[in-house]
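Protein chains: 2
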Amino acid sequence: MQHGCPYGTHRVLEPKGVLPQPAWKIDNTMSLWDNEILIDVDALNIDAASFTQIKKASENDPARIEAAILDIVAQRGKHHNPVTGSGGMLIGRVAAIGAALQGKTDLQVGDKIATLVSLSLTPLKIERIKALHLAQDQVEIDGQAILFESGLYAKLPTDIPEKVALAILDVAGAPAQTARLVRPGDTVVVVGGGGKSGTLCVYEARKRAGPAGCVIGVSPFAKDCERMQELGWVDHALQVDATDAVAMMRAISDVTQGRLADVVINCVNIQHTELGSILATRQRGTVYFFSMATSFTAAALGAEGVGKDVDMIVGNGYAKDHAVYALELLRESPRLRTLFETLYV
Amino acid sequence: MQHGCPYGTHRVLEPKGVLPQPAWKIDNTMSLWDNEILIDVDALNIDAASFTQIKKASENDPARIEAAILDIVAQRGKHHNPVTGSGGMLIGRVAAIGAALQGKTDLQVGDKIATLVSLSLTPLKIERIKALHLAQDQVEIDGQAILFESGLYAKLPTDIPEKVALAILDVAGAPAQTARLVRPGDTVVVVGGGGKSGTLCVYEARKRAGPAGCVIGVSPFAKDCERMQELGWVDHALQVDATDAVAMMRAISDVTQGRLADVVINCVNIQHTELGSILATRQRGTVYFFSMATSFTAAALGAEGVGKDVDMIVGNGYAKDHAVYALELLRESPRLRTLFETLYV
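Sequence order for the protein chains is A and B.
Numbered according to my numbering, the first sequence spans residues 253 to 597.
Numbered according to my numbering, the second sequence spans residues 253 to 597.
Calculated directly from the structure, the hints in this document are not laboratory data.
Mixed in with the good hints, there may be bad ones.
It does not matter which identical chain is meant; a pair holds if it fits inside one copy or across any two.
[As the list claims (entries may be wrong)] Calculated lysine to any residue pairs in the SDA-like style (CA-CA distance at most 20 Å, straight line):
1. K407 / N312
2. K356 / R511
3. K356 / D561
4. K356 / R536
5. K364 / V416
6. K459 / I343
7. K475 / Q509
8. K475 / P267
9. K307 / L579
Quantities reported herein were computed from a predicted structural model and do not represent experimental measurements.
Input sequences plus hints: build the corresponding full structure.
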């Protein structure tokens, strides 16, 4: 067995010297390098944007959809849609573990896993397509794939339905990062506290801040505020539009007697909420931006512009053991599990 | 005189209800509200990313550069580059102080000050451009500007030449934030360590990391690497293109025996250096993005894609007392002062 790069650059065919994701073509030979994991694939969960494009280009003809999927993998060695640039993830079972990873991974041959890295960088070989589930963007296949040494995965639990597990794994970074940020007694604001990742942050913030802390959920929607109240993990559910920075500052100031928040966690996928988050934070407090709609310059210049000496953190979807952490939350809180089983599957 | 909002929302023209920085257009009428300060402007220090973009778009033609600067201010009421989203700072003399600020500010009419809030939120009127200093990103003008009640400023010292003070105040946040980040014994990479803010970060990192630490400067330019070597604050000056993520990782891995950096400070005003910075950082290390060319999504998705559990921080140009801190560096290090006197004025 040869020793590979942890990031899989040893499988990049063209152009040379780049990482597997930006590469046009990667080597999908299923002979294992010593720091790779071989997976027998059950199903591909194709990225929604990618599958929509394939279905449209194939005029919803199953035979042509199958041909399009096989063609992408034949051309690129990975399911990396050249039109949308996106991939998806896969579910399968561990078939073999490279020698260099023996004793270094918690995986065992036979474990059922979901990959948490994109199909757009995952070496894949499809022997045959067994079933298309067009409404679910899912393709059942006979085939194999490679997980690089740096590749993220989650062992799928036996006590949680697969779809519920996948729904929480999608936002697993949020509660894990909240757990690191929030200390007992903290005042925590979760902007978008009624959404999927926001609810997890509120739940985790409540646990960490404890009885002496104060957790404030913010949403522009009455329905979200009602749900936050019902779930019972917030001290205040404030119906405020976070794009109105001055309104945000006043609302948070009102319920904290002017002290503002120690930690603000931003989970709303809308633009222009940077300043509202900054103004809700006390001097030397922390703003955690989970929203992909965050503008780097709006945050950096916004804080400087209002003279706020705050630490602003770029939300990292990965934190060590985040999948284990997220799945455990569903066992810990029946209320959270019911929410995910009814709302997010 | 009318009473204004401390953050200047009373001057926002469009869209209504936002703060001056995210606003597209603000009112640059030079009649004073009662909590504003009027400044007679001597010079603008344009943000490096912004000036680079303007120079490139104008093909380095001085007449076209002047027109571009005037056009931005005419359109927006502030020097807020619509492409880069960034601004800069200014130097001038206090011309008038609003009635509500009398006795509340230490400023007097005639004081020479530098504003420490971004030009991207500062009402500005340019009567004429007197001189362009392309290499210094400086523009001498006849004009006026407004400082809001919350606006930060520094009185210019008498023992440091004005242009030298201005040059260092423009990047005053960099050494102050570096001082907070770096601990004794740390391995620190400064991407763009040969530039203005980069040099300050290298200097400060050397002080904080101490003799047991390791400071690594990175630049794609041989000249920058030579300067870093001559200044003597780096252990290694590596000539590497940070947009080549794999090359960055290998270069930093080579000089750290595979341990990578505890702290990476990114000071280069070019795009696509996020992944290179992330790959140069050890697991649980910190990446500090000072570059205004940073893409939030490239950082967030990049770290997740390669499974790097790193803290990524949005560079905040303001840290409490950063101006006092930065100016003191010039008194502390004759070599640094000579560099600023020869290279950045």
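Check K307 against L579 for me: Cα-Cα at most 20 Å, and say if that holds within a copy, between copies, both or neither.
Neither, since 29 Å and 52 Å both go past 20 Å.
Within a copy, between copies, both or neither: where do K356 and R511 come within 20 Å Cα-Cα?
Classified as between; 18 Å across copies, 47 Å inside a copy.
Within, between, both or neither: how does the pair K356, R536 come out at a Cα-Cα threshold of 20 Å?
between (39 Å within a copy, 18 Å between copies)
Status of V416 relative to K364 across identical chains (alpha carbons, at most 20 Å):
within (14 Å within a copy, 62 Å between copies)
Within, between, both or neither, where K475 and P267 count as close if Cα-Cα is 20 Å or less:
neither (45 Å within a copy, 27 Å between copies)
Intra- versus inter-copy proximity for I343 and K459 (alpha-carbon distance at most 20 Å)
neither (30 Å within a copy, 49 Å between copies)
With identical chains treated as interchangeable, where does the CA-CA distance between K475 and Q509 reach 20 Å or less: within a copy, between copies, both, or neither?
neither (26 Å within a copy, 55 Å between copies)
Please sort K407 with N312 into within, between, both or neither, judging by C-alpha distance up to 20 Å.
neither (33 Å within a copy, 56 Å between copies)
Within a copy, between copies, both or neither: which one fits K356 and D561 at a CA-CA cutoff of 20 Å?
between (41 Å within a copy, 18 Å between copies)
The earlier numbered hints that this structure contradicts are 1, 6, 7, 8, 9.
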